[in-house]
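Enquirer: These protein sequence lines map, in sequence, to chains A and B.
Residue numbers are given in the working numbering: position 140 of the first sequence equals residue 140, and the series is strictly consecutive.
For any residue, its number in the working numbering is found by taking its place in the second sequence, counting from 1, and adding 1000.
Everything labelled a hint here was simulated from the structure, so no lab data went into it.
A quick note: this is a predicted structure, and the numbers were derived from the prediction, not measured.
C-beta: ideal position from N, C-alpha, C; glycine also.
Mixed in with the good hints there might be a few duds.
Claimed, not checked - Rough simulated footprint, nothing fancy, chain B against chain A, three-plus residues with beta-carbon under 8 Å:
id, region
1, 27-40
2, 53-63
As the list claims (entries may be wrong) - Quick partial rundown of chain B residues pointing at chain A, CB under 8 Å, derived from the structure:
id, residue
3, 1014
4, 1015
5, 1051
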Amino acid sequence: MSSVSIIGAGTTVRGSIRGEGDLEIHGHVEGVVVVTGEVIITETALLKSDVRARRIIVRGAVAGDVSAEEAIVLEPGARVLGDLGAPQIGIRPGALVRGNVSTGGPLPETKSVPAATPAAAANNRSARAVAAPAARSAPTRAAAPAPAARPVAAARLAPPAARPAPAARPVPVSHARPEPTPSAPSAAVIAKPPVDEHEAEAEADIDEAEEDEASEGGPPPPVVPALRKGAKASLRRKGAR
Amino acid sequence: MAGTIIGQGLTIEGELTSDEEVVVAGTIRGKLSADGPVTIEAGALVEADISAASLAVGGTVTGNVSAAERVDLLGGARLIGDVKAARLTIADGASFKGNVDMDV
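Just chain A, same shape as in the assembly (with noise of 0.2 Å):
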């Protein structure tokens, strides 16, 4: 029996290739390939997955970290995406790589190993992706200006009095608004019509950093992510109106 496996041209795998022996990528791999032997990636191969192997050859595309116990050689029409890691690494003419290349052996476990899952990997990448976005959208939530129509709108819909479910969110809203605030922006805006969506949650944001600061005498604090929600409802109660 031999040891060769083969994944033809016309074929896909979504998941992980583990086990011993070589291996000849021809098709698509998304997901992981660990091999102990000899990895070829052909031409017509599309690998969006990380490679372990002993040895591995590369002349088509791969998405993914390259880990090789012995060598890793980039042959002409090669396209990779990401790190390289091997005692011996070639790049011949005509290879394409972007990434870290480390000729100081296969690169840690702990990168692609754990990674392991397909979606382990998209975890790892989209929280990198993701930092950037967040911290710089931060500034932003707090200029936002805060539209008044919530306030009126729960208040329509939810009395003080009574606490309905759904509503419950907007009462301590309702009560904090009105009510001369020490911050002078968010009082001036008060007249302004609502927005869009974004800004209703970037102002749903503000509202809990407030009522953060309002909770010690008042009721308790709701729920953050019933607050969200309640915040949209509202906005969209309003708008069919």
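With chain A fixed as given, assemble chain B onto it according to the hints.
Expert: Just chain B, lined up with the frame of chain A:
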């Protein structure tokens, strides 16, 4: 040469789709669908639903199986699952547990 060969010692966990011949001598867990003939060799372990143009089983398969043309259970094969195929042969020495739908 066969289009796709999953050799002995190799394990695929996930979904394998192919439009050509697939030969499995290793292990597959998940799903296997091919437009060509599929061969599960002796010693192979497949825990997956299989759909194929035709299927020959010599190893162990757990899962429902459907083939456009035929399913052959070879001697020593072990299949637990339902079979849907126009033709089905079960060789002497094959073990099979499941329902058969031959689309009468």
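Enquirer: Please verify the coverage claim for the region 27-40 of chain A: does it have three or more residues whose C-beta sits within 8 Å of some C-beta in chain B?
Expert: holds (count 3)
Enquirer: Within the region 53-63 of chain A, is the number of residues with a Cβ closer than 8 Å to a Cβ of chain B three or more?
Expert: Not satisfied, violated; 0 residues make the cut.
Enquirer: With a cut-off of 8 Å, does the beta carbon of residue 1014(B) approach a beta carbon of chain A closely enough for the hint to hold?
Expert: Status holds, d = 1 Å.
Enquirer: Should the interface hint for residue 1015(B) be scored as holding, given a Cβ-Cβ cut-off of 8 Å against chain A?
Expert: OK, holds: residue 1015(B) within 8 Å of chain A, min 4 Å.
Enquirer: A closest beta-carbon separation below 8 Å is what the hint needs, so does residue 1051(B) meet it against chain A?
Expert: violated (14 Å)
In summary, the numbered hints that this structure violates are 2, 5.
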